[in-house]
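S.K.: Here are the chains, one letter per residue:
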Amino acid sequence: MSSSSRTPSGHQAGGKRREYWFLFLVLGSILAWLVFATLIFPKMIEIAYSGEGFAWLSRRMAGRGNTPLEEYLADGHRVSLRVLGLSAPILALALLNLVRGSTLHAHWFKPAPLRDLAIARIVIVGMQLALLLYPGGAGACVGCSLEQQLWLSQADASLFQPIPALAVLLGPLGWGVRPEPMFLAAVWLFAVLSGVAALIGFFGRPATLGLALASTLLVAHSYSYGEHHHPEGLITVALWALAFSPSNRALSLDAIALRVRAAAEARHFEAGRIPQQDEYARWPLRLMQWMLAFTYLDAGLSKLLNGGLAWFEGSTFAFYLAHDGIRGDLPLGLWLSQHTSLLPPLAVGSAVFELGFPLAVLVPVLAPAFVAGGVGLHTGIYAAMGAPFFQHMALYVVFLEPLRATYRRFVPEPAKRQKMKLIFDGHCLLCIRSVAVLEVLDPGNRLEFVDLEGDWAAVGASLPVTQEDARHAMHVVLPGDQVASGFFAFRSLARTLPLLWPLLPVLHAPGAARVGPWIYAHVAGRRRRVRCASGACGIGPELEEGAGR
Amino acid sequence: MTLRKLLVSLFISAVLGLQLLSQVLTTGGRLWPFMDYPMYSYSQPVGARFSFEELRVLSRTTGPDGRPVSFEDLGVRAFRFVDLLKQASRFENQSSHAPGEDGAARLLSQLISSKLGPSYHTAQIWARRFEIGPAGLVNREAPWEQVREWSLRQDPSEGDAPKGLEPRPAAPGERAGSGSS
Numbered sequence: 001m002s003s004s005s006r007t008p009s010g011h012q013a014g015g016k017r018r019e020y021w022f023l024f025l026v027l028g029s030i031l032a033w034l035v036f037a038t039l040i041f042p043k044m045i046e047i048a049y050s051g052e053g054f055a056w057l058s059r060r061m062a063g064r065g066n067t068p069l070e071e072y073l074a075d076g077h078r079v080s081l082r083v084l085g086l087s088a089p090i091l092a093l094a095l096l097n098l099v100r101g102s103t104l105h106a107h108w109f110k111p112a113p114l115r116d117l118a119i120a121r122i123v124i125v126g127m128q129l130a131l132l133l134y135p136g137g138a139g140a141c142v143g144c145s146l147e148q149q150l151w152l153s154q155a156d157a158s159l160f161q162p163i164p165a166l167a168v169l170l171g172p173l174g175w176g177v178r179p180e181p182m183f184l185a186a187v188w189l190f191a192v193l194s195g196v197a198a199l200i201g202f203f204g205r206p207a208t209l210g211l212a213l214a215s216t217l218l219v220a221h222s223y224s225y226g227e228h229h230h231p232e233g234l235i236t237v238a239l240w241a242l243a244f245s246p247s248n249r250a251l252s253l254d255a256i257a258l259r260v261r262a263a264a265e266a267r268h269f270e271a272g273r274i275p276q277q278d279e280y281a282r283w284p285l286r287l288m289q290w291m292l293a294f295t296y297l298d299a300g301l302s303k304l305l306n307g308g309l310a311w312f313e314g315s316t317f318a319f320y321l322a323h324d325g326i327r328g329d330l331p332l333g334l335w336l337s338q339h340t341s342l343l344p345p346l347a348v349g350s351a352v353f354e355l356g357f358p359l360a361v362l363v364p365v366l367a368p369a370f371v372a373g374g375v376g377l378h379t380g381i382y383a384a385m386g387a388p389f390f391q392h393m394a395l396y397v398v399f400l401e402p403l404r405a406t407y408r409r410f411v412p413e414p415a416k417r418q419k420m421k422l423i424f425d426g427h428c429l430l431c432i433r434s435v436a437v438l439e440v441l442d443p444g445n446r447l448e449f450v451d452l453e454g455d456w457a458a459v460g461a462s463l464p465v466t467q468e469d470a471r472h473a474m475h476v477v478l479p480g481d482q483v484a485s486g487f488f489a490f491r492s493l494a495r496t497l498p499l500l501w502p503l504l505p506v507l508h509a510p511g512a513a514r515v516g517p518w519i520y521a522h523v524a525g526r527r528r529r530v531r532c533a534s535g536a537c538g539i540g541p542e543l544e545e546g547a548g549r
Numbered sequence: 001m002t003l004r005k006l007l008v009s010l011f012i013s014a015v016l017g018l019q020l021l022s023q024v025l026t027t028g029g030r031l032w033p034f035m036d037y038p039m040y041s042y043s044q045p046v047g048a049r050f051s052f053e054e055l056r057v058l059s060r061t062t063g064p065d066g067r068p069v070s071f072e073d074l075g076v077r078a079f080r081f082v083d084l085l086k087q088a089s090r091f092e093n094q095s096s097h098a099p100g101e102d103g104a105a106r107l108l109s110q111l112i113s114s115k116l117g118p119s120y121h122t123a124q125i126w127a128r129r130f131e132i133g134p135a136g137l138v139n140r141e142a143p144w145e146q147v148r149e150w151s152l153r154q155d156p157s158e159g160d161a162p163k164g165l166e167p168r169p170a171a172p173g174e175r176a177g178s179g180s181s
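From first to last, the protein sequence lines are chains A and B. Quick note on numbering: the first sequence equals residues 1 to 549 in the numbering used here. Quick note on numbering: the second sequence equals residues 1 to 181 in the numbering used here.
In isolation and in its complexed conformation, chain A is listed as follows (with noise of 0.2 Å):
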């Protein structure tokens, strides 16, 4: 799809490609739509109405018997409008990467921030497994609940009603099988378990796609008994773009091991060898930008195809409000219902929000702006009607890039802080093994690491401590030169780093300024160096085998 050559859909100029191929298909297609659905999909409608011919049509049209024809057509005008909203952000994508000189391959694959991805998977799988364990929330998940499952397995035989995803994923077991009470309890299980996998990246990517199944699995069963929601199917399909993306690649204790693994079969730590970036970390949060963008459009399309300009009158929010509000007994939306001359603003603001969302994916700077807008909307929502769309609000994680980058224009990048600089043995496994841990850790940058047998020729000197002080205990420079060593010196570490305040409780615990060093000194006695060169092998156990090298 992409290359830096001129290719015959692509024009060079200005040093930027054109893509001429991808608004041709659009425009194209759109074309092909507008000439179908004005001559031939109402001349299918009459012969499908009079049962002569398109038997699928007919299907669809089960009371054609008490229904005019002028009804099905004014149907098919809507389908045929539908269709023509929904190409709009698509034909605008195609516009603006030629006006911007960018292609529709660079749209999906220009390399993006692993970190980003790896704290939409936390935000997003963190979000499922909440709703798994604490499924009264609300009940913005009914299939998360292993009681509701429960419950609905013990449901009459004559409710059941397999929806095509549960048939698919219980194909093994037989076309249309209802799942025992067991069977969904050892998924639930699976999915508790898999969510916190995933949720720290413990064999993250079958983790992540383990989750995935089995929340498929539960919602698809509770949508089989002829009810279903709209919360729970965006984060679905979000489940399994994280477990077929590289989600697991920061951020996770995969990594560690990974960056571990690597840094001790190479016997040596060199900073900087952890990959920030790939071309494989965009397509997931931009598939989700994309779902999010039309799910909103067809809502907000809904309400002009179904109820047109009237829907804006205070009539129609004044009647929502009032039915959700009294089924659910919440006093502001019954408040508003009293309150029809307030409505028709509310109503013209969400429509905008609604019809208005792809902007946020074709125009960046403008997603803050929606995610705001989105947060506002479905919080009001839920106030006023109790539908809780706590998902989607979850999902607003897949524009962390755009709205990192509108921060920045706000609140620039502080100046560089000078780094804390850890001194430590490049010729101890332990050592290497974690520093290596601490530079996954480490995701802003905050530390300089110094190899005492490495670095010390080229910058010892400038150091406050000796080198031979330096080959007993782990040291870390402050910024002023302060100095800490052995467990004062994870402590300072500990503060540092975000991603170990967790352990600062247990550092700081009375009592831990005597027992840390004890425990410091104890095991930085017994590691083994793999080197000798130095000749400094004295401290600790030597490995043989790694003497000399």
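Keep in mind the hints are simulated off the structure, nothing from the lab. Idealized CB from N, CA, C, for every residue including glycine. Hints are not guaranteed to be accurate.
A partial selection of chain B residues facing chain A, derived with a Cβ cut-off under 7 Å [unchecked claim]:
#	residue
1	24
2	33
3	36
Covered by chain A, according to a simulated footprint, are these stretches of chain B (three or more residues, beta-carbon under 8 Å) [to be verified]:
#	segment
4	60 to 70
5	78 to 84
6	117 to 125
Position chain B relative to chain A; hints supplied.
M.R.: Leaving out everything else, chain B in the frame of chain A:
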């Protein structure tokens, strides 16, 4: 393009394609997790009405008010239960009395019998009806009214015409429970 990129592109195309298909064809939950989002999309004029129904069953021991039955009692999803009550009460869409519509009442009878036991002889549907006026909701404290009653000992469609389509107002002191979820 590498094979990996090709596979990712196919995945993206499939996901977006199914999402757009579900929206264009308004498939409801049939293609879940891909769905259309038409919630709250129909306009409601001044004078629009809505109702909340409640199912009650009577036995020798329940007294004349009967026992309220929830969706949980019958093992039915909440919205499905509401649909069944609306169909059975025929409160909404009164013009579309399609043949076999009493399947809802029949299913309710069957569920009452299987989940609550055979001791109940009569089922009733009560409703609260609300209306939207020019200034919004007008009758916030609408009373419960009986809209239908049928015997659980015989098929609802056989000779037991719905009673109470002319709503019977609640007797003084009669309980006014919450709407069925």
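S.K.: List, from low to high, the hint numbers that the structure doesn't satisfy.
M.R.: 4, 6
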